[in-house]
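There are 2 protein chains.
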Amino acid sequence: MNNETKKIPYKIYLEEHEMPTQYYNVRADMKKKPAPLLNPGTLQPMTFDELRGVFCDELVKQELDDTTAYFDIPQEIQEFYKMYRPAPLVRAYCLEERLQTPAKIYYKFEGNNTSGSHKLNSAIAQAYYAKEQGLKGVTTETGAGQWGTALSMACAYLGLDCDVYMVKVSYEQKPFRREVMRTYGAKVTPSPSESTAVGRKILADHPGTTGSLGCAISEAVEAATSREGYRYVLGSVLSQVLLHQSIIGLETKTAMDKYGITPDIIIGCAGGGSNLGGLISPFMGEKLRGEKDYRFIAVEPASCPSLTRGKYAYDFCDTGMVCPLSKMYTLGSGFIPSANHAGGLRYHGMSSVLSELYDQGLIEARSVEQTEVFKAAEDFARIEGILPAPESSHAIKAAMDEALKCKETGEEKTILFGLTGTGYFDLKAYEQFNNGQMSDHIPTDEELQISFDGLPRV
Amino acid sequence: MNNETKKIPYKIYLEEHEMPTQYYNVRADMKKKPAPLLNPGTLQPMTFDELRGVFCDELVKQELDDTTAYFDIPQEIQEFYKMYRPAPLVRAYCLEERLQTPAKIYYKFEGNNTSGSHKLNSAIAQAYYAKEQGLKGVTTETGAGQWGTALSMACAYLGLDCDVYMVKVSYEQKPFRREVMRTYGAKVTPSPSESTAVGRKILADHPGTTGSLGCAISEAVEAATSREGYRYVLGSVLSQVLLHQSIIGLETKTAMDKYGITPDIIIGCAGGGSNLGGLISPFMGEKLRGEKDYRFIAVEPASCPSLTRGKYAYDFCDTGMVCPLSKMYTLGSGFIPSANHAGGLRYHGMSSVLSELYDQGLIEARSVEQTEVFKAAEDFARIEGILPAPESSHAIKAAMDEALKCKETGEEKTILFGLTGTGYFDLKAYEQFNNGQMSDHIPTDEELQISFDGLPRV
Numbered sequence: 001m002n003n004e005t006k007k008i009p010y011k012i013y014l015e016e017h018e019m020p021t022q023y024y025n026v027r028a029d030m031k032k033k034p035a036p037l038l039n040p041g042t043l044q045p046m047t048f049d050e051l052r053g054v055f056c057d058e059l060v061k062q063e064l065d066d067t068t069a070y071f072d073i074p075q076e077i078q079e080f081y082k083m084y085r086p087a088p089l090v091r092a093y094c095l096e097e098r099l100q101t102p103a104k105i106y107y108k109f110e111g112n113n114t115s116g117s118h119k120l121n122s123a124i125a126q127a128y129y130a131k132e133q134g135l136k137g138v139t140t141e142t143g144a145g146q147w148g149t150a151l152s153m154a155c156a157y158l159g160l161d162c163d164v165y166m167v168k169v170s171y172e173q174k175p176f177r178r179e180v181m182r183t184y185g186a187k188v189t190p191s192p193s194e195s196t197a198v199g200r201k202i203l204a205d206h207p208g209t210t211g212s213l214g215c216a217i218s219e220a221v222e223a224a225t226s227r228e229g230y231r232y233v234l235g236s237v238l239s240q241v242l243l244h245q246s247i248i249g250l251e252t253k254t255a256m257d258k259y260g261i262t263p264d265i266i267i268g269c270a271g272g273g274s275n276l277g278g279l280i281s282p283f284m285g286e287k288l289r290g291e292k293d294y295r296f297i298a299v300e301p302a303s304c305p306s307l308t309r310g311k312y313a314y315d316f317c318d319t320g321m322v323c324p325l326s327k328m329y330t331l332g333s334g335f336i337p338s339a340n341h342a343g344g345l346r347y348h349g350m351s352s353v354l355s356e357l358y359d360q361g362l363i364e365a366r367s368v369e370q371t372e373v374f375k376a377a378e379d380f381a382r383i384e385g386i387l388p389a390p391e392s393s394h395a396i397k398a399a400m401d402e403a404l405k406c407k408e409t410g411e412e413k414t415i416l417f418g419l420t421g422t423g424y425f426d427l428k429a430y431e432q433f434n435n436g437q438m439s440d441h442i443p444t445d446e447e448l449q450i451s452f453d454g455l456p457r458v
Numbered sequence: 001m002n003n004e005t006k007k008i009p010y011k012i013y014l015e016e017h018e019m020p021t022q023y024y025n026v027r028a029d030m031k032k033k034p035a036p037l038l039n040p041g042t043l044q045p046m047t048f049d050e051l052r053g054v055f056c057d058e059l060v061k062q063e064l065d066d067t068t069a070y071f072d073i074p075q076e077i078q079e080f081y082k083m084y085r086p087a088p089l090v091r092a093y094c095l096e097e098r099l100q101t102p103a104k105i106y107y108k109f110e111g112n113n114t115s116g117s118h119k120l121n122s123a124i125a126q127a128y129y130a131k132e133q134g135l136k137g138v139t140t141e142t143g144a145g146q147w148g149t150a151l152s153m154a155c156a157y158l159g160l161d162c163d164v165y166m167v168k169v170s171y172e173q174k175p176f177r178r179e180v181m182r183t184y185g186a187k188v189t190p191s192p193s194e195s196t197a198v199g200r201k202i203l204a205d206h207p208g209t210t211g212s213l214g215c216a217i218s219e220a221v222e223a224a225t226s227r228e229g230y231r232y233v234l235g236s237v238l239s240q241v242l243l244h245q246s247i248i249g250l251e252t253k254t255a256m257d258k259y260g261i262t263p264d265i266i267i268g269c270a271g272g273g274s275n276l277g278g279l280i281s282p283f284m285g286e287k288l289r290g291e292k293d294y295r296f297i298a299v300e301p302a303s304c305p306s307l308t309r310g311k312y313a314y315d316f317c318d319t320g321m322v323c324p325l326s327k328m329y330t331l332g333s334g335f336i337p338s339a340n341h342a343g344g345l346r347y348h349g350m351s352s353v354l355s356e357l358y359d360q361g362l363i364e365a366r367s368v369e370q371t372e373v374f375k376a377a378e379d380f381a382r383i384e385g386i387l388p389a390p391e392s393s394h395a396i397k398a399a400m401d402e403a404l405k406c407k408e409t410g411e412e413k414t415i416l417f418g419l420t421g422t423g424y425f426d427l428k429a430y431e432q433f434n435n436g437q438m439s440d441h442i443p444t445d446e447e448l449q450i451s452f453d454g455l456p457r458v
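Those sequence lines, one after another, are chains L and E. Letter 12 of the first sequence, counting from 1, is numbered 12 in UniProt numbering, and no numbers are missing. Letter 127 of the second sequence, counting from 1, is numbered 127 in UniProt numbering, and no numbers are missing.
Keep in mind that a hint or two might mislead.
It does not matter which identical chain is used: a pair holds within one copy or between any two.
Stated by the list, open to error - Cross-link-like lysine-lysine pairs, in silico, DSS-like; alpha carbons within 30 Å at most:
id, residue 1, residue 2
1, K375, K136
2, K82, K413
3, K7, K131
4, K187, K375
5, K7, K327
6, K61, K131
7, K82, K33
8, K258, K311
9, K11, K413
10, K287, K405
11, K82, K407
12, K136, K33
13, K32, K11
14, K82, K405
15, K258, K7
16, K375, K61
17, K407, K32
18, K258, K82
19, K136, K31
20, K31, K201
21, K32, K187
22, K428, K292
23, K375, K82
24, K258, K287
25, K287, K327
26, K375, K131
27, K7, K407
28, K61, K258
29, K11, K258
What the hints contain is simulated information worked out from the structure, not anything from laboratory work. This structure is a prediction, so every number in the text was calculated from the model and none was measured.
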């Protein structure tokens, strides 16, 4: 399908007028919808009124709407996007040459902003709706710090308070992330902390824990719901976040269409699913509507393999069990992954949208081990000149593997992957890799079984 | 002169085919040329043969040529540039609005690459010519680490050895910079070190020194000239570096011309002068040829004020006095500036090209104090969404000051400044600023006089 008569530049930037003005909601095209969030007390679907104490109203509407295909992007958000978007779609000519592959490799690079990742796309949307509702501020969790930084930037821009609970292991490994957030005026607390009831309980039950996204979510939710004028915001997992992140896929598709490029394989790293979901959304829409076919590959860390080794079941989104139940591929909300440096992927569950698509066989998944991921990251940095985030490097590894398969078979496949962010705040991890001291823990079946035993009975 | 009927986008990206294919040598248009480099022994102009032991041949030719206006950019360098260039020319709509200024503010953003700054533009050129000459590797110094990172990236891409002497204060403040360089395969040594004769001498004379660019240069030169197959490369100061960095100004001018924009004031931070020189080159060319007029402003740290308080005299480029003599504005090669966090600006001298232009009254200069610079940096980060490098923030501060003057006078001036890089590796400094613990030392007249007394008698 490639129109190679038109020379493809190294980087395709859309013009401002070509940028998306609407988000795309992939749920609208799913015949079998993702299962609804359940109230853990009644086991009934969460209603608008139940959710609006936690999330601001407009976001609850987006969360619950699985039939509207397009949502207008408010003008102020569109203007903010113009500060750092469109993100480039890059043709990886150098990587192709180095791998000696007939495959054509493209990546959508979301790291050209100070938060260092795609997270800013949803942060500005969530902060905007909170501001519109007249709220004072928002609370959130952050793993690697990318989401917290993104939210800090959005809140600084709009003049909102920003309270961030940062997973303790990342807080310690990435002290400079904290300073970026502080520079943007945010308050940053390592989680679990003594500042919330749920944090104190987690500390009592697991002394010395290095935390997890699940714990930090519980604390941030408590910090939002126990005060006036605050709401909780989440950087991934939720359907509203995938909606906002659809801008990644929409821009990518517009750029590819402009040059007559059709990807055969679309690859993304998967933690909570926000990048993968956003990248694949418009392509998946075509597949769901029977217009085109694509292979989609989710790549997760072997140390936190929710899709490849998890169960498809209702579970809490958070370790403290204060959040609604979501039907998803999960390792159990009690699962605390090893200190894998891809902090953004250390989440026990997965977006309910992606979980349902995976369960329907529309997405493939694979897991990769950390040292292999850093090897791919280092190669990529040297060849393509971008130091990737460990999270993103999971997708790089899979893309390189697929390109090498093409070398064996001689197939000229077009591979697209999401390069979600940069690794400038992950140098502690790179240092361990450079020193040959990287370690990883892949959970045993017994460890997973213990965690599964704790799943709520629904 | 602005053609406001054509709406100016937030970011102007040139198309690949609009990117410069030649470097511009501003010296060709200078009636009074910069003074030549002198051999410190004979006090005669350095010849090609004397310089080729230190620099590779093609670069010596570029260094000595003050009449050829354009040099072709080799195809391989052009291809490398396409990986991270064109750099965006950004219209600072948000900053204008926040300052409530009638001024139109533009910045050329050079931070969208892993080295985090414009330094990569010259690094790839210098590494390329070394490779073409069949050398094994290159040595260099680095201050803040941006140049060292850039050179590491260029060397990794081309398969050259890369030995970096990093100013000790930066090495300690920015441990993660070291890891980026190592990830790109470079060897990094804190300077002054025990690994060179000149390093040992500096350590003996100044025990406990935190180093300076001048010291690190001496060590890197020794490390290059005492081995077969190596040459020294320098990230700033030299005329060849300004030549390569002219790509900044050429791209900027092409983008502005495309939209009918003419800057009134062009501002850049000034350490050794590579960014400022590169940014202003084509505009200065027009001024020198009498075609147009512009105001040019160099901004330097008050702690290292070579233009505003230095002497225009022949001096060593390095503290160890192993380099040729250059006529430049200098604080004396023995001057060791306080640990100002803008490591890239901690250099005692200034590009001979810029020094001569300044002496002819064609450039203005001002110095700014560090805490004010960080205040401007923080404001800029919150308003424009980019966390700037401390070096770049000197230009931001001056640009904001000029925009505020326009607010007072009501003048709709067009201000262009160079945003040379990002501050992701400067969080230690931001932390001190956030904690209200930033300090700076502005040299006293007595301190400067002691340093001037050490100037060589030429």
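task = Go through the copies and call it for K11 and K258: within, between, both or neither, with a Cα cutoff of 30 Å.
result = Classified as both; 13 Å inside a copy, 20 Å across copies.
inquiry  = I want to check one pair: K61 and K131. Are their C-alpha atoms no more than 30 Å apart within a copy, between two copies, both, or neither?
reply    = Answer is within; shortest intra-copy Cα gap is 16 Å, inter-copy 60 Å.
key: Identical-chain pair category, K82 with K413, by Cα at 30 Å   = between (32 Å within a copy, 23 Å between copies)
message = Regarding K31 and K201, is the shortest C-alpha distance of 30 Å or less found within a copy, between copies, in both, or in neither?
response = Cα proximity of K31 and K201: none, with 41 Å in one copy and 76 Å across.
ask   = Under a CA distance limit of 30 Å, which applies to K375 and K131: within one copy, between copies, both, or neither?
value = between (43 Å within a copy, 26 Å between copies)
ask   = Under a CA distance limit of 30 Å, which applies to K407 and K32: within one copy, between copies, both, or neither?
value = For K407 and K32, the Cα distance exceeds 30 Å both inside one copy (37 Å) and across copies (59 Å).
request  = Up to 30 Å between alpha-carbons, please classify K287 paired with K327: within, between, both or neither.
outcome  = within (23 Å within a copy, 67 Å between copies)
ask   = Quick one: K375 to K61, C-alpha cut-off 30 Å, is that within a copy, between copies, both, or neither?
value = neither (43 Å within a copy, 40 Å between copies)
key: K11 and K413: within-copy, between-copy, both or neither at 30 Å Cα   = within (19 Å within a copy, 33 Å between copies)
query = Under a CA distance limit of 30 Å, which applies to K258 and K287: within one copy, between copies, both, or neither?
reply = within (20 Å within a copy, 41 Å between copies)
inquiry  = Cα distance capped at 30 Å. Does K61 pair with K258 within a copy, between copies, both, or neither?
reply    = Neither: 33 Å inside a copy, 44 Å across copies.
message = Treating 30 Å as the Cα threshold, decide for K7 and K327: within, between, both or neither.
response = Classified as neither: same-chain Cα gap 45 Å, cross-chain 48 Å, threshold 30 Å.
Violated hints, in rising order: 5, 7, 8, 12, 13, 16, 17, 19, 20, 21, 22 and 28; the structure is consistent with all others.
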